[in-house]
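**Q** Sequence:
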Amino acid sequence: MSVPGRVRYHHGDLRSALLREAAALIRESGIDALSLRSLSDRAGVSRSALYHHFRDKNDLLCAVAEQGFEELAELLERSEESALADLEIWLRGFVRAYIRFAADNVERYELMFGRAIWKGGRPSESLKAVAYSAFRQYCERISSALALLGERDADVQRRLGQVSWATLHGLCRFMIDGIYVHPEDLDEISQRSVTLLIDGLSTRQAHEDPGAVS
1 MSVPGRVRYH HGDLRSALLR EAAALIRESG IDALSLRSLS DRAGVSRSAL YHHFRDKNDL
61 LCAVAEQGFE ELAELLERSE ESALADLEIW LRGFVRAYIR FAADNVERYE LMFGRAIWKG
121 GRPSESLKAV AYSAFRQYCE RISSALALLG ERDADVQRRL GQVSWATLHG LCRFMIDGIY
181 VHPEDLDEIS QRSVTLLIDG LSTRQAHEDP GAVS
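Under our numbering, the sequence shown has 11 at position 11, and the numbering climbs by one with no breaks.
Please note that the accuracy of each hint is not assured.
So the derived label-pair ranges between C-beta atoms look like this [unchecked claim]: (1) Leu149 to Ala49: 51 to 57 Å; (2) Gln162 to Arg20: 20 to 26 Å; (3) Gly44 to Phe101: 28 to 34 Å; (4) Ala97 to Ala154: 24 to 30 Å; (5) Asp41 to Trp118: 23 to 29 Å; (6) Asp104 to Ala129: 23 to 29 Å; (7) Glu88 to Gly44: 26 to 32 Å; (8) Arg55 to Glu188: 41 to 47 Å; (9) Ala97 to Trp118: 21 to 27 Å; (10) Glu188 to Trp165: 16 to 22 Å; (11) Ser48 to Asp153: 52 to 58 Å; (12) Asp41 to Leu196: 17 to 23 Å.
The hints are simulated quantities; they were obtained by calculation from the structure and are not laboratory data. Glycine included, every Cβ here is placed at the ideal spot set by N, Cα and C.
With the hints as constraints, model all of the structure from the sequences given.
**A** Now the structure itself:
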């Protein structure tokens with residue numbers, strides 16, 4: 001006999017359905033509103049069914065954050081396809097897409113990079129793996145593009161990748177915390193940051209190889 005008011009899921013897709021509901025709950029009511037009980041009520045499944053997929057709230061939060069990093073990795077892959085060799089075109093496009101991702105997923109972005117898991121919780125091994133993979137993928141893309149532009153110092157390549165990501169993340173924090181709430185402000189600042197990065201690299205290359213710039 002079916003239970004009135006409960007949503008029926010196919011056994012194979014219950015975990016993905018629960019993650020969708022968890023992400024929606026976080027988006028609507030914030031991270032603190034998510035618990036196994038609230039997810040059970042929202043999804044219309046028993047808590048015992050949830051325990052088949054998530055050991056506790058921390059495990060659930062890690063799974064939601066992990067899904068966010070997977071989407072971020074897909075964003076990186078799509079942006080790479082649009083500009084394989086032009087660092088400036090690729091970086092400008094990725095910056096806009098990244099900020100849009102943060103703007104459309106404020107609470108989940110907060111979960112992905114915030115204290116709830118990384119400082120106050122216990123990040124799972126799979127979450128750490130996918131998060132570090134996304135960061136490494138970005139830095140490797142920056143390094144490859146810088147190498148094409150003539151930057152041969154691997155440490156400089158790595159540091160520029162780290163600095164550019166930190167700048168981008170800082171802009172998203174400004175938006176999330178309400179310091180910059182207008183998208184046009186963020187876009188102008190982010191695009192100017194890209195210009196400064198590219199100009200700085202060009203200046204460095206000119207100093208190292210004066211004959212390369214007329």
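**Q** If a hint holds in the structure, say so; if it does not, say that too.
**A** Hint check:
Against the hinted window of 51 to 57 Å, the Cβ-Cβ separation of Leu149 and Ala49 comes to about 53 Å, which satisfies the hint. Here the CB-CB span from Gln162 to Arg20 is close to 33 Å, at odds with the stated 20 to 26 Å. As the Cβ distance of Gly44 to Phe101 is approximately 29 Å, the hint placing it in 28 to 34 Å holds. Hint check: Ala97 to Ala154, Cβ distance near 27 Å, so the stated range 24 to 30 Å holds.
Judged by the Cβ atoms, the range 23 to 29 Å given for Asp41 and Trp118 holds: they are separated by roughly 28 Å. A beta carbon spacing of about 25 Å between Asp104 and Ala129 agrees with the range 23 to 29 Å that was offered as a hint. Our hint of 26 to 32 Å for Glu88 and Gly44 is violated, since their Cβ atoms are close to 49 Å apart. Here the CB-CB span from Arg55 to Glu188 is close to 45 Å, well matched to the stated 41 to 47 Å.
A C-beta distance of roughly 23 Å is found between Ala97 and Trp118, which places it inside the suggested range of 21 to 27 Å. The beta-carbon spacing between Glu188 and Trp165, approximately 19 Å, falls within the hinted interval of 16 to 22 Å. Our hint of 52 to 58 Å for Ser48 and Asp153 holds, since their Cβ atoms are close to 56 Å apart. Between Asp41 and Leu196 the CB atoms are about 49 Å apart, so this pair departs from the stated range of 17 to 23 Å.
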